[in-house]
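If you read the sequences in order, they're chains A and B. If you number the first sequence the way my numbering does, the last residue is 269 and the count never jumps. If you number the second sequence the way my numbering does, the last residue is 509 and the count never jumps.
What the hints contain is simulated information worked out from the structure, not anything from laboratory work. Keep in mind it's a predicted model, so treat the numbers as computed, not measured. The C-beta atom is built at its ideal place from N, Cα and C for all residues, glycine as well. One or more hints might be untrue.
[What the hints assert, rightly or not] Where chain A lies over chain B, by a calculated footprint (3+ residues, C-beta under 8 Å):
1. 373-379
2. 430-437
3. 449-457
[Claimed, not checked] Derived DSSO-like pairs (lysine-lysine); straight-line CA-CA distance at most 27 Å:
4. Lys446/B - Lys378/B
5. Lys423/B - Lys378/B
6. Lys500/B - Lys170/A
7. Lys221/A - Lys63/A
8. Lys63/A - Lys32/A
9. Lys500/B - Lys63/A
10. Lys128/A - Lys99/A
11. Lys186/A - Lys221/A
12. Lys259/A - Lys423/B
13. Lys259/A - Lys446/B
14. Lys128/A - Lys38/A
15. Lys186/A - Lys38/A
16. Lys32/A - Lys99/A
17. Lys221/A - Lys170/A
18. Lys463/B - Lys63/A
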Amino acid sequence: MFYSEEWIGNFRFVEYKEWNLEKPATLIVGFPDTGLVGVIGVSYLVSKLGLDEVGGIDSPHFPPIAVIQNGILRHPIRIFSSKKLGIIYTELTFTPEISSILIPVIVDYARIKGFDMIIGLTGIAKPNRLDAVELITYYVSSLGRVELLEKAGAKIFENGILIGPYALLLKEAMRKRIPAHVLLTESFLEFPDPEAAAVGLTTLSKIIGVEIDVGELLQQAEMIRLRARDLMRRTSQTFSRLGKDLEYSVPLHM
Amino acid sequence: MSEFFDEFFEKLEKRLRMLERDIMRSVEELFKNINIPEYRRTLEISETVEPLYTIKDLGDRIVVYIDLPYVAEGAIDVKFEGRTMYIYAKLKESVKLDRFSRRFRGLEVQEYRVAIELPLEPKPDKTKIRIRKGIVEITIYK
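Using the sequences provided together with the hints, build the complete structure.
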């Protein structure tokens, strides 16, 4: 059933088949966070590109969960891949304590597999989102200002605070010297935001050089919002523990 | 003489209103301190669904946002009863849940329903309702 199994720290990385990457390879991560932009966007990306599910991550730290898709047993954190892309995707919400041990292990895994870059897709709460006509995608990178991202239309996130798994991802990747970028598209904080996911995906497609037509995502937006209610509710419950409101603030010293 | 009675009853009515307010306040305080065990909420799978909502305190006003995707135009009903706000909203068309999982066959969602406890009692002349992108924004001025 499994091709390989490897423990990194207290996390078990399982691979269902042998898979190798072509250079340069990018790892994209999608966790439940602001407006579910990451999970909506990454889930659509996986379906649209028809990526293969090649592995998963499990741990005694997680609740006893098995994901079943099309009758096949899968792991709580799922790994998809194509030649130059890897995807780490989960709909599980993690406590800050689990995030702080999981994210470093994911960065280690990216290094072991030979990924050249990690990209996180998520949202950044926009106070007047309801009236916003044009949504901006910002980026924060472990490398500072990045021409590739600017050319793709992302604007540097100059001042602010990030809270949650993507903040940890950036810090850990910087420490371990793997280029990592987080794309932050303006979105609702506590409502699923497929429109923001589509804007973020459009920028991502330019960065990785893979065309992604987001038309279908926009067409299905209302149904996705309806379907994602329970996941959004669970995710919002973690926001208060994380102090996510702080993201609205701007640091005093700039 | 009648003026005397008018004044007397007016004062009496005022005292009664104050008394009623005091009693209500005491009862609310009392219930706040009673530890009622929370019932366990399970995911509701029925013909109505509870929408997502958030309440924000903006100082001079409370703003409630309710996410109502796939709602039919003109089919949102907002009612107030004291400090409780009731939302009823019909979907554009009923959604068969077996499209998400075979286990839900025979279940169709037709509308949103929710009762939201507000931090203050809204006054009709100080309440504004706006609907945009399937999101209802209700502003209640303090």
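Quick rundown of the hints versus the structure:
{"no.": "1", "hint": "373-379", "result": "violated (count 0)"}
{"no.": "2", "hint": "430-437", "result": "holds (count 4)"}
{"no.": "3", "hint": "449-457", "result": "violated (count 0)"}
{"no.": "4", "hint": "Lys446/B - Lys378/B", "result": "violated (33 Å)"}
{"no.": "5", "hint": "Lys423/B - Lys378/B", "result": "violated (39 Å)"}
{"no.": "6", "hint": "Lys500/B - Lys170/A", "result": "holds (26 Å)"}
{"no.": "7", "hint": "Lys221/A - Lys63/A", "result": "holds (16 Å)"}
{"no.": "8", "hint": "Lys63/A - Lys32/A", "result": "holds (21 Å)"}
{"no.": "9", "hint": "Lys500/B - Lys63/A", "result": "holds (25 Å)"}
{"no.": "10", "hint": "Lys128/A - Lys99/A", "result": "holds (12 Å)"}
{"no.": "11", "hint": "Lys186/A - Lys221/A", "result": "holds (24 Å)"}
{"no.": "12", "hint": "Lys259/A - Lys423/B", "result": "holds (15 Å)"}
{"no.": "13", "hint": "Lys259/A - Lys446/B", "result": "violated (32 Å)"}
{"no.": "14", "hint": "Lys128/A - Lys38/A", "result": "holds (11 Å)"}
{"no.": "15", "hint": "Lys186/A - Lys38/A", "result": "holds (24 Å)"}
{"no.": "16", "hint": "Lys32/A - Lys99/A", "result": "holds (16 Å)"}
{"no.": "17", "hint": "Lys221/A - Lys170/A", "result": "holds (14 Å)"}
{"no.": "18", "hint": "Lys463/B - Lys63/A", "result": "holds (24 Å)"}
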